[in-house]
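The hints should help you fit chain B onto chain A, whose structure is shown.
Spelled out, the chains give:
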Amino acid sequence: MAHQDKEVIYGLYDDETDLLKAVKEAKDQHLEIMDVYSPFPVHGLDPILGLAESRLHIAGFVYGAIGTLTAFLGMTWIFTKDWPIIFGGKPYWSVPAFIPITFELTVLFSCVGMVITFYIVSGLGPGVTNDYLDDRITDDKFCIAFDMSEVDGAAAKSFLSDTGADVNQKII
Amino acid sequence: MNQYTFSGTAKTVTIGAMIVGVVSMLLTWFVGADDLQSRFWSNFLHNSTFFLGISMMAFFFIAVCITAYAGWASVFKRVWEAMSANMLVGFIFMLVIALTTYFHWNHLYHWADAAAVAEDPILNGKKSFLNPNWYLFGTIIIVGTWVVFGRKMRSLSLDEDEDQGHDFAKHRSMRIWSAVFLPIMGFSSAAMIWQWLMSVDAHWYSTLYAWHAAVSWFVAMICLTILLLIYLKSKGLYKEVTNEHMHDLGKFLFAFSIFWTYMWFSQFMLIWYANIGEETTYFLLRREEYPILFYANLAVNFLIPFFVLMRNDTKRKLGSLAFVSLLVFIGHWLDFFLMIKPGVKITRDDHGHMAAHGEEVVHGAAEHGIHESVASSFEVGYTIPGLLELGTMIGFLGLFFFVTLTALSKAPLIAKNDPYLDESLHHHT
Chain A
5 MAHQDKEVIY GLYDDETDLL KAVKEAKDQH LEIMDVYSPF PVHGLDPILG
55 LAESRLHIAG FVYGAIGTLT AFLGMTWIFT KDWPIIFGGK PYWSVPAFIP
105 ITFELTVLFS CVGMVITFYI VSGLGPGVTN DYLDDRITDD KFCIAFDMSE
155 VDGAAAKSFL SDTGADVNQK II
Chain B
4 MNQYTFSGTA KTVTIGAMIV GVVSMLLTWF VGADDLQSRF WSNFLHNSTF
54 FLGISMMAFF FIAVCITAYA GWASVFKRVW EAMSANMLVG FIFMLVIALT
104 TYFHWNHLYH WADAAAVAED PILNGKKSFL NPNWYLFGTI IIVGTWVVFG
154 RKMRSLSLDE DEDQGHDFAK HRSMRIWSAV FLPIMGFSSA AMIWQWLMSV
204 DAHWYSTLYA WHAAVSWFVA MICLTILLLI YLKSKGLYKE VTNEHMHDLG
254 KFLFAFSIFW TYMWFSQFML IWYANIGEET TYFLLRREEY PILFYANLAV
304 NFLIPFFVLM RNDTKRKLGS LAFVSLLVFI GHWLDFFLMI KPGVKITRDD
354 HGHMAAHGEE VVHGAAEHGI HESVASSFEV GYTIPGLLEL GTMIGFLGLF
404 FFVTLTALSK APLIAKNDPY LDESLHHHT
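Here the protein sequences come in this chain order: A and B. For the first sequence, the numbering used here begins at 5 and goes up steadily by one. For the second sequence, the numbering used here begins at 4 and goes up steadily by one.
None of these hints come from the bench; they were simulated from the model. The beta-carbon is built from N, C-alpha and C at its ideal position, and this holds for glycine as well. Treat the hints with care, since some could be wrong.
Claimed, not checked - Which residues of chain B face chain A? A few of them, derived with a C-beta cut under 7 Å, are:
#1 Met-272
#2 Trp-275
#3 His-431
Unchecked claim - Computed cross-link-like contacts, SDA-like style, restricted to lysine to any residue with a CA-CA straight-line distance of at most 20 Å:
#4 B:Lys-320 <-> A:Ser-58
#5 A:Lys-28 <-> B:His-431
#6 B:Lys-320 <-> A:Ala-56
#7 A:Lys-94 <-> B:Thr-283
#8 A:Lys-94 <-> B:Phe-286
#9 B:Lys-254 <-> B:Gly-74
#10 B:Lys-254 <-> A:Glu-57
#11 B:Lys-130 <-> B:Ala-117
#12 B:Lys-254 <-> A:Ser-162
#13 A:Lys-94 <-> B:His-431
#14 B:Lys-14 <-> B:Ser-412
#15 A:Lys-10 <-> A:Gly-157
#16 B:Lys-413 <-> B:Val-92
#17 A:Lys-94 <-> B:Gly-280
#18 A:Lys-94 <-> B:Leu-273
#19 B:Lys-254 <-> A:Phe-65
#20 A:Lys-94 <-> B:Ala-117
#21 A:Lys-85 <-> A:Ile-105
#22 A:Lys-94 <-> B:Gln-270
#23 B:Lys-129 <-> B:Gly-141
#24 B:Lys-254 <-> A:Lys-10
#25 B:Lys-254 <-> A:Leu-60
#26 A:Lys-94 <-> B:Arg-290
#27 A:Lys-94 <-> B:Leu-287
#28 A:Lys-94 <-> B:Glu-291
#29 B:Lys-155 <-> B:Cys-68
To be verified - Distance ranges between label pairs, derived from CB positions:
#30 B:Arg-175 <-> A:Thr-142: 25 to 31 Å
#31 B:Arg-154 <-> A:Pro-130: 56 to 62 Å
#32 A:Thr-142 <-> B:Arg-154: 35 to 41 Å
#33 B:Ile-18 <-> A:Leu-112: 31 to 37 Å
#34 B:Lys-238 <-> A:Pro-130: 55 to 61 Å
#35 A:Asp-22 <-> B:Asp-166: 29 to 35 Å
#36 B:Arg-178 <-> A:Pro-100: 40 to 46 Å
#37 A:Asp-22 <-> B:Ile-143: 57 to 63 Å
#38 B:Lys-236 <-> A:Leu-49: 32 to 38 Å
#39 B:Phe-171 <-> A:Val-46: 25 to 31 Å
#40 B:Met-313 <-> A:Val-46: 24 to 30 Å
The following block holds chain A by itself, in its conformation from the complex (with noise of 0.2 Å):
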């Protein structure tokens, strides 16, 4: 991918309450935000940076239908005409034999799905090195993050300070 450099002003806070309070103010200074970091997901975060709602359960439900279809078929192709075998002297096509296998695929399908297209859509996956503002936004920090060329440097700046924000500066 390609890379640019970012100058990227941020700011630290303790406490998620400060992280919403500071949110709310910079939404009615009309600062834009470039993103927000926590070590967990903050109730009532997303409607006020007014994220739209993950398409994520779109695509688990797409997998799913998919799981559904390939147990069911896959079963009665295998059972009526591949390899068809009486068992305990029920019909080839035994529908509530296949219900559970089908629940279980429908549910795998849609589960490990799911977990690769979150992977691909974050950037995410193994041997994958992604920069970061600070260690310890995954551990107590909150952060919030302002790209240089978009708002005005100085307003960051004093903004983050007035918020209680300990304030810090990297290019990424």
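Relative to the frame of chain A, chain B by itself:
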């Protein structure tokens, strides 16, 4: 507004529904063709057990929330407390059924017939559980216990409102009562379901039956909770109950509809796979003679909640929630219909058969019911619910809401000293 007053339209409608119910039951009694009055008694049993189970599940869910430290529902827990006031009504109704069974004034249960039991090795083997004495005694002891726990919890919750300090003594006490109730409910509800419902098919048994019926109760309870909350919100009450709470109730409706299907299907598939005659007769009868109800049951109770409530936004919109709740509530009522009526019909037909021919009834369990009843097949009130069944259900529903709303109007809508109230007010899914 923190106080509900039960008056005006709500009172008129619930009382009107109760009148419809009484008229339907009287008509069933006098129109009923057979001298056993099985249609009347089976309707009575059907609705009594259904609504008693719903109110017990409402109390069960309060106990679960308290024991599990779950605070999200604290803001509207008074609704569940009010619903659990119906346990006393259900207790009285079940007492009527138990007493009439004891004195043999109804003929709902094949095992209640001492002469039949003596000639029947299967019923003879089940005699220690399926007998009128235990039916009466067990009902009194077990439902009585539920009622005592329900009233104790309610009074603790009302006392908590009066608390000045914040030592949470009442809540600690509630926690003990809840934790004690859960195992009691777990075992006793199964025993009650076996004797009230499963024993209408006296020869047949299934270990999953109690789970299936109990989950039916639970889902129906969630449906009524959603509908009642939507009604109260439409009156401008419970502004604190937000879409977040409705979303969680929608999730419960969605998840437990799937759980119900899991139970239903597990029971079906094990019996289908093992293919033992004395077990398959239950499903054979229902599939051959009740095909519409049999498949509609799955469609209404599984496909509709599954596909409608799968999306995030349908769980947050009151319209779609109300639509699904209403359908699923009726669906579970039909599920109970399908559990009770076929067995009652066979018991009644056998009794008539015996009386007419003076024959000894010989039951290989596999042939029990199948050969004889195929000829008699369709009958409104047994094969499908007729208007009288619907009227009876409306009456019981009216009574249920009458008692619920009366109880609700007797206390503030929000338990202001509940330790989890603040968490519940800020609930966010």
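Verification of the supplied hints:
no.	hint	in the structure
1	Met-272	holds, 5 Å
2	Trp-275	holds, 5 Å
3	His-431	holds, 4 Å
4	B:Lys-320 <-> A:Ser-58	holds, 19 Å
5	A:Lys-28 <-> B:His-431	holds, 18 Å
6	B:Lys-320 <-> A:Ala-56	holds, 18 Å
7	A:Lys-94 <-> B:Thr-283	holds, 14 Å
8	A:Lys-94 <-> B:Phe-286	holds, 16 Å
9	B:Lys-254 <-> B:Gly-74	holds, 16 Å
10	B:Lys-254 <-> A:Glu-57	holds, 18 Å
11	B:Lys-130 <-> B:Ala-117	holds, 10 Å
12	B:Lys-254 <-> A:Ser-162	violated, 44 Å
13	A:Lys-94 <-> B:His-431	violated, 50 Å
14	B:Lys-14 <-> B:Ser-412	holds, 12 Å
15	A:Lys-10 <-> A:Gly-157	holds, 13 Å
16	B:Lys-413 <-> B:Val-92	holds, 17 Å
17	A:Lys-94 <-> B:Gly-280	holds, 14 Å
18	A:Lys-94 <-> B:Leu-273	holds, 13 Å
19	B:Lys-254 <-> A:Phe-65	holds, 17 Å
20	A:Lys-94 <-> B:Ala-117	violated, 40 Å
21	A:Lys-85 <-> A:Ile-105	holds, 19 Å
22	A:Lys-94 <-> B:Gln-270	holds, 18 Å
23	B:Lys-129 <-> B:Gly-141	holds, 15 Å
24	B:Lys-254 <-> A:Lys-10	violated, 43 Å
25	B:Lys-254 <-> A:Leu-60	holds, 18 Å
26	A:Lys-94 <-> B:Arg-290	holds, 17 Å
27	A:Lys-94 <-> B:Leu-287	holds, 15 Å
28	A:Lys-94 <-> B:Glu-291	holds, 18 Å
29	B:Lys-155 <-> B:Cys-68	holds, 16 Å
30	B:Arg-175 <-> A:Thr-142: 25 to 31 Å	violated, 39 Å
31	B:Arg-154 <-> A:Pro-130: 56 to 62 Å	holds, 60 Å
32	A:Thr-142 <-> B:Arg-154: 35 to 41 Å	violated, 52 Å
33	B:Ile-18 <-> A:Leu-112: 31 to 37 Å	violated, 54 Å
34	B:Lys-238 <-> A:Pro-130: 55 to 61 Å	holds, 57 Å
35	A:Asp-22 <-> B:Asp-166: 29 to 35 Å	holds, 34 Å
36	B:Arg-178 <-> A:Pro-100: 40 to 46 Å	holds, 43 Å
37	A:Asp-22 <-> B:Ile-143: 57 to 63 Å	holds, 59 Å
38	B:Lys-236 <-> A:Leu-49: 32 to 38 Å	violated, 27 Å
39	B:Phe-171 <-> A:Val-46: 25 to 31 Å	holds, 29 Å
40	B:Met-313 <-> A:Val-46: 24 to 30 Å	holds, 26 Å
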